[in-house]
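Visitor: Given next are the chains, with one letter for each unit.
2 protein chains.
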Amino acid sequence: MEITSEQTKYTLDESRIPKAWYNIAADLPVPPAPVLHPGTLQPIGPDDLAPLFPMSIIAQEVTTDREVEIPDPVRDVYRLWRPTPLYRARRLEAALDLPDDIRIFYKYEGTSPAGSHKPNTAVAQAFYNKEAGVKRITTETGAGQWGSALAMACAFYGIELKVYMVKVSYEQKPYRRSLMETWGATCVPSPSPDTNAGRQILAEHPDSTGSLGIAISEAVEDAATRDDTKYSLGSVLNHVLLHQTVIGEEALEQIAMADAWPDVIVGCVGGGSNFAGLTFPFVREKLKGKDVRIVATEPAACPTLTRGVYAYDFGDTAKLTPLVKMHTLGHGFVPAGIHAGGLRYHGAAPLVSLLLDQGLIEAKAVRQNPTFAAAIIFARSEGIPPAPESAHAIRVAIDEALAARERGEAKTILFGLSGHGHFDLSAYDAYLAGNLVDYEHPQEAIDEALHALPTV
Amino acid sequence: MEITSEQTKYTLDESRIPKAWYNIAADLPVPPAPVLHPGTLQPIGPDDLAPLFPMSIIAQEVTTDREVEIPDPVRDVYRLWRPTPLYRARRLEAALDLPDDIRIFYKYEGTSPAGSHKPNTAVAQAFYNKEAGVKRITTETGAGQWGSALAMACAFYGIELKVYMVKVSYEQKPYRRSLMETWGATCVPSPSPDTNAGRQILAEHPDSTGSLGIAISEAVEDAATRDDTKYSLGSVLNHVLLHQTVIGEEALEQIAMADAWPDVIVGCVGGGSNFAGLTFPFVREKLKGKDVRIVATEPAACPTLTRGVYAYDFGDTAKLTPLVKMHTLGHGFVPAGIHAGGLRYHGAAPLVSLLLDQGLIEAKAVRQNPTFAAAIIFARSEGIPPAPESAHAIRVAIDEALAARERGEAKTILFGLSGHGHFDLSAYDAYLAGNLVDYEHPQEAIDEALHALPTV
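Going line by line, the protein sequences match chains A and B. Quick note on numbering: the first sequence equals residues 1 to 456 in the numbering used here. Quick note on numbering: the second sequence equals residues 1 to 456 in the numbering used here.
Among the hints, erroneous ones may be present.
If chains are identical, the list can't say which one is meant, so a pair holds when it fits in one copy or spans any two.
Claimed, not checked - Below, a list of computed lysine-lysine pairs in the DSSO-like style, where the Cα atoms sit at most 27 angstroms apart:
| hint | residue 1 | residue 2 |
| --- | --- | --- |
| 1 | K9 | K19 |
| 2 | K19 | K167 |
| 3 | K319 | K288 |
| 4 | K19 | K130 |
| 5 | K411 | K319 |
| 6 | K9 | K130 |
| 7 | K411 | K135 |
To be clear, the hints were calculated from the coordinates, so they are not data collected in a lab. These numbers were taken from a predicted model, which means no experiment stands behind them.
Using the sequences and the accompanying hints, generate a full structural model.
Guide: Right, dumping it as structure tokens:
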């Protein structure tokens, strides 16, 4: 393919790592719904969260300050991989035979040592826990991106970590466990015999392959019942999304270096932290009057945003967590075993859900096989084999480009490449062998899960 | 650990990608020994190599020009990951409790999509083959770093690729095959039934786990016997080392940004391309009078530079390749099955061997367990789990730092981190479980292999 000599990679010096995280709560058109206590169904206060999180993180969860300063020690760790590059996907454009006025950019977070955007919040959370004197943390992980990131962060701060990993992923991706252990963490398959929640599931369903909802129940129970232990979550909550906004702040600066502005931004959504991290700073600009479409993509096998409802629900299966108002398929929903493990969650971040409800963003579901087809096109043109999660954004970015070509429109597209697929090659194997299924849940299954929503 | 706020990462804009490769042949104190025909034992000419390589590559193999211009289309592809970062290993320094005047820097090549330095030459070789109208390429790979890199490069240029992968690695690292297939290549375990060389080995040793020497025989035979096919090698040869010098040219610029000069540079050697790429531009400065020690590290299980001889030998087991003068353990030497598959080669690049013979560089062998111990220290401080090959350089860099602290000396150390270990986690697993063996070959085994050296 013939490539022009325009710039490919927009890099920033480490001095350009943002000095503050952006808190979209300061700019919301309507206030977020309060978080409710799972027992009383009344709004909770900071003290209710204290068994799980240090006070500094609870303060970030509820702050309405527009900017939250990034502590220098956290920026010091960010320098190991930040700022991350913004790419003009010139080789992908050529592979798609796009005209000159259709341009694709992507912000790549796979340059972090853990291979995804997750360390942006893992490092911040480990730092605040260390400051609070916490010696041990528990968490859950799906495909393993989050568990790996937190294992690395805990290694930096000398904090003990126990990871409850969804069993189906634990077995599909054994090297994720090795990676966590290399960084010094302990990783067990969930449901595990180590918690009441796990034992109960195992008693009822000895062959359970687990789910994020179950693994969250285990990690929360472990932290809540031990004085020396706090809990850490890799997505969904406000402070997690906050920490990820370094992605979008850098991207804003880099897209300006390219003398461009995106007509459309695409990001994949599991819990929503990668999507929020890239897009919230652009939403801020949109609220100031800039024109931009923002598209959240999700798997058709777990269509939280496109087929779920906007309602109060639990974050976990065992109903241990507070209730949050979010797009949800119901806390009992068990998504099909697609390879994008990071997108197999029944809910979506309250802040992302609110933006969808307000019409500030759109949502689109894509199936597994077309997603991997896009991943292969991307790997063979841009070189990077994407994580299956990120490939959902690639699929929609390609579809946007092809639709613009069809209509003869100029278009600038920006998407988030949240991570590489080095630990997901069994999924590529299955795709190339023609063994992937395009799971889509019948409406009855979704209706049934929605019936179990709590009455608030 | 407490970290000061000094700079961590020295990044260059893509405009700083070198415009020329550096050819050390122009500056050698003695001319390199001629390459000999395996049949006649007479010096070979370009025509003898024509069945295997396009003429443009053969010309680079023998040129004495000091600078070889990098074609713009190759620089265009380099922009996907180059310039690579140079790091000040501040967190490793803190973990080792080093005083302020002992500094460690590393040049990191794992940011390439294939995860190592190998794409620097893979892309160049694929480009020249494409220019020459070549439709199909064969190669061998050990741990898979090279095969992956060439698979990616061939995807960019639409060239068919067949990779003969050393069987023990093919079985240890199945995801390397998946990665190559994701980029569109075919990968078979070697020895294979697809070539005479492979069939002969299988007939004599049906359980052979293979070796780089055997895999080279297969790939060379395949290319030499098909008109539409050329062969590509990932190390050892002059043109391969030439292409890698972008590493050292960038590092020279970056270490100057840090206002530093290395007292010692450390790189691991299998065939020698990563080591040469980083160090040859510094050897050029050394020949001009700059003071710097340069240390090549290798596994004690394959001690080519420290226990081999400087003599003419074949590059492969089946004696199909030309004879080159190099440090060698004998073409029949089968190294123990250590996890650093990329360092399991009986010989070393002629240019690296000549520099060792001339006293311009030193060599040091390290054992497997201390090497992985260094890898863990590095992963838990700097975040990056290194490739087992690269960990050999980390081990010696740490030893240099600790020795300097012992002696109360100031010291600036630069090492090459040639790749990450994302596809080597089974090795970490084995190390953490205490299952790694510190292989070291008895002198008789080495003597026996050396007896088989050809008489020239």
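Visitor: Determine for every hint whether it applies to the structure shown.
Guide: Here is what the structure says about each hint:
no.	hint	in the structure
1	K9 to K19	both (23 angstroms within a copy, 17 angstroms between copies)
2	K19 to K167	neither (38 angstroms within a copy, 50 angstroms between copies)
3	K319 to K288	neither (39 angstroms within a copy, 71 angstroms between copies)
4	K19 to K130	within (21 angstroms within a copy, 47 angstroms between copies)
5	K411 to K319	neither (45 angstroms within a copy, 57 angstroms between copies)
6	K9 to K130	between (36 angstroms within a copy, 25 angstroms between copies)
7	K411 to K135	neither (50 angstroms within a copy, 36 angstroms between copies)
Checked against the numbered hints above, the structure violates hints 2, 3, 5, 7; every other hint is satisfied.
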